[in-house]
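> Chain B is already provided as a structure; the job is to place chains H and F on it using the hints.
Protein chains in written order, with this note's numbering: chain B, 7 to 372; chain H, 7 to 372; chain F, 7 to 372.
One should not assume that every hint holds.
Which copy is meant is left open, so a pair is good if it fits within one copy or across any two.
Said to hold, decoys possible - Cut-off 25 Å, straight-line C-alpha distance, at most; resulting in silico cross-link-like pairs (SDA-like, lysine to any residue): (1) Lys303 / Met155; (2) Lys67 / Phe356; (3) Lys67 / Val361; (4) Lys215 / Leu32; (5) Lys303 / Asp47; (6) Lys293 / Arg334; (7) Lys310 / Arg156; (8) Lys303 / Thr207.
Hints were generated in silico from the structure; no laboratory data involved.
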Amino acid sequence: MDIRPEDPTQLPTQRRVRLLTQNDRLFHVILAQQFDRDLIDQLCRIAEMIRIIADARAGAKFLNTILSHKRAMLYFAQPSTRTFLSFSAACQVLGMPHNDVRDARTSSEVKGETEDDTIRTLSQYFDLIIMRHPGEGFAEHMAHMLNGMRRNIPLINGGSGKDQHPTQALLDVYTLYRCFAESLVKRIRPEPDSNLFEGKTIAFVGDLKRGRTVRSLAYLLARYGGMRLLFVAPDELQISGDILEHLERNEIEHELMDDLPKIVGDCDAVYMTRLQDEHDADGESKKIDLSRFALTKDMSHLFKPDLAILHPLPRRGELDTALDSDPRAKYFDQMRNGMWMRSALIAYIFGVDAVILDHYYSYYNF
Amino acid sequence: MDIRPEDPTQLPTQRRVRLLTQNDRLFHVILAQQFDRDLIDQLCRIAEMIRIIADARAGAKFLNTILSHKRAMLYFAQPSTRTFLSFSAACQVLGMPHNDVRDARTSSEVKGETEDDTIRTLSQYFDLIIMRHPGEGFAEHMAHMLNGMRRNIPLINGGSGKDQHPTQALLDVYTLYRCFAESLVKRIRPEPDSNLFEGKTIAFVGDLKRGRTVRSLAYLLARYGGMRLLFVAPDELQISGDILEHLERNEIEHELMDDLPKIVGDCDAVYMTRLQDEHDADGESKKIDLSRFALTKDMSHLFKPDLAILHPLPRRGELDTALDSDPRAKYFDQMRNGMWMRSALIAYIFGVDAVILDHYYSYYNF
Amino acid sequence: MDIRPEDPTQLPTQRRVRLLTQNDRLFHVILAQQFDRDLIDQLCRIAEMIRIIADARAGAKFLNTILSHKRAMLYFAQPSTRTFLSFSAACQVLGMPHNDVRDARTSSEVKGETEDDTIRTLSQYFDLIIMRHPGEGFAEHMAHMLNGMRRNIPLINGGSGKDQHPTQALLDVYTLYRCFAESLVKRIRPEPDSNLFEGKTIAFVGDLKRGRTVRSLAYLLARYGGMRLLFVAPDELQISGDILEHLERNEIEHELMDDLPKIVGDCDAVYMTRLQDEHDADGESKKIDLSRFALTKDMSHLFKPDLAILHPLPRRGELDTALDSDPRAKYFDQMRNGMWMRSALIAYIFGVDAVILDHYYSYYNF
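Excised from the complex, chain B in its bound form:
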């Protein structure tokens, strides 16, 4: 019954981005490609301000009023506790009431409803939909469908299919941003024209083939340039060709390798990832020896003093819990940064970022 328009994922990137924009401003958040360097910088600044403001009781209460007149729907057709809770906490930071559909069984789909109609319905009750869905391109399809409704509301992709998870990439950039700003200039706010990533060496380690996190992050880093990227993985799990092509086109220095201990001492940041064996066809990745791609406490004598260790979590054996108490372990901060970055993104979409900037500059001088 539902007549789908042409597949949006087949359109040229520029047109895809434009269809997600309203009044020259980000509206639906679906693709990493929507973010250029200026926008990433701005979102990092807003996230940082929210983080600082929220630290004081009065500031937290101010933030709580910013979107109290809006309502969000968290539609999670694919389970993900941490992404769910991060978005949920982000809504709470901004005082935005929200609700969720986390379980298909409680849904009207048992009565034979299409998922398109479910989203159409949700768009009547809420002012924002945050969606996680296993379907490739599903979130983008839904954004287009909402564009055709009399009541069009923004949609944020909280993970769609195998390749797109833009808010994870944003929070990762923000985390690197904070780590490098601390270690370099000990100041919160970089000069607008500086590039904190200049001269940095960043290693990505683990299952680089199937982790969408690394793919999206590589994409965003290419907006900055100036850094050197090391992809450390067994051959079977190395980063795929399209990313390498993209890096070449953008003249980003990079190298493929398979020996973590050998290069860990050169790194300013190490981004660890777990084996994505849920995507195995037939348990093939179980046969791969991953011991050389684990970061352990006994390697820490090799680390630079300012190294930043990241991991999107959940982790398994590839990241030693004995490192947790090392001040260079930034992966729990990274989680918390996700909450601030998602708050910033939501504030930006609703155009209340100006209110935050205004509050920030009234109370904090520097």
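Quick look at chains H and F alone, frame taken from chain B:
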């Protein structure tokens, strides 16, 4: 162990209504029979005011404070995403925190508790219970039980058994009200003594036998009169005799028919419904040819320019998605109206409707 | 991978209590042993003030702002509707947004994450974790783990394993406190040096062996002394030796018996409990005749006029619903008291109890 009083559903209607009343005011909301024309009109007016007030940021924030000192429990023993979310959003509109029990497995019933005791417990933590339950007359039983507690709190029936779903009927009347007010007088508020339904032709189409929605709505419309009702369904699914008797007793013009294209051009409103085959004993309704009871895009040349198309949703094949972009499609507005009407009802029960009226008349003149 | 420190439950009590303390103040709430008489008294006073303040609309709105800048996580790995809702309502009373993980299936544990890492993650998004878990000592382990995090947040045990459920014991003391204060002095607030339990006879009835409720409550009552405790149970389900030893060490008068009707007339409070047959190894408790351990309406002529009947609920046959309308039935008040006591505890942990006291003394004189 639980001693149930006499079955309340066997009492005369007047007595049933009185048992749900406190201080001459609606307290528990269980039956469509509790609503007379004055009360329906008043609830439509409050809903309309809430809708208009909520449209402005300051207004939305004002509404958010109205019931922030109360708490609601949504007890949904029967899954229903849209009714659940509509009530949930209504609570959020009024700033009332709420919680839910949606899944029997997470409940103490596994420890051998009776459902009566569950409701007694909930009444200690919350100030309002909104309940959806498969049991015939269950909500009414629970309302009586609460009347016997030291702490008596109001209960709203969000769908009980096969026949009662009063808030759906209210939102349907409110939707017709808005459609007819727009098309007739282009004003929001009808004169108190006018009857917007006078001279209107309203068709109900589909599974009229088993859809409680149509039953309750026919009941409420009979409070107004002056309209003509057409029941368009295959013989096996026609509206049942008790409704027809009720319409006759109230001298409402009505007709049974089985040809939608033939009469669609006469209609001011068409209320579509889906096949309720979950109530089939043995898949018998699968054999019925429903193609003549579908509303499709290619029939739209027959429609009056001011036709209002309604559907309680979820839909299947009986309502063409190609009609969604037709301005006469009102079914998504209808969903949203549900949120406003439920807000109005809750506000009314807690006696804060006066605060809303007061705010409205202070800010909006007409 | 996770390296657990020495088992905290094997440490001496004093050291266990100290590890849960920060700045000489309660931080993590894990054990009944953390509460001495002064602290129990103070929490009862705060609970009582919250209850009175919340009764007025303006007061409820004041309370709603107290912790609106904090966020709580309710991590319930073990289902419990009423404890869950009681904590949830307590958060709402204080205006603290909260979220929950109630279902392991929606969690990242399917991706192979340890529960330790789940709690570490949650500690990044929230300011308080309220946890219910089947694992013996699990909550205490987690509190120690949080102590080792850069971001340490308080953890409240909402029921852990077979023996510890400290907030239930607190609400039970608070309920007795209110009952005895009403019946004795008709005043809300006892003199600081009076002991409301002096000379009282309190019977515990039912499955005393396996109900952790009675165990914890006996522990707290021993902080007061002066009362007489009767343990009324069949031999197989009598209270265990460690509790009796503890009472002896604290010189609390107590007696074991198996005839409820014989002693019910002597009691100032009767604390009923249900059969905990979910802990049966092989249905052995089904064979026990419990009819002599039920409280029924036809025994009410024996009751003292000021008797207080308590039950932690859910109940089965051991507590006659016909007693519900007797003013001496306090078990529904007891539920509601749980909400106030949990609010008081949370307020105390965050150090905002002073704000509540201040508000109370500004508005209420006595």
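> Against this structure, judge whether each hint is valid.
So, going through the hints one by one against the coordinates:
1. Lys303 / Met155: between (54 Å within a copy, 17 Å between copies)
2. Lys67 / Phe356: Classified as both: same-chain Cα gap 19 Å, cross-chain 16 Å, threshold 25 Å.
3. Lys67 / Val361: both (14 Å within a copy, 16 Å between copies)
4. Lys215 / Leu32: Intra 29 Å, inter 48 Å, cutoff 25 Å: neither.
5. Lys303 / Asp47: neither (33 Å within a copy, 48 Å between copies)
6. Lys293 / Arg334: Neither: 31 Å inside a chain and 61 Å across chains, both beyond 25 Å.
7. Lys310 / Arg156: Intra 55 Å, inter 21 Å, cutoff 25 Å: inter-copy only.
8. Lys303 / Thr207: within (21 Å within a copy, 60 Å between copies)
In summary, the numbered hints that this structure violates are 4, 5, 6.
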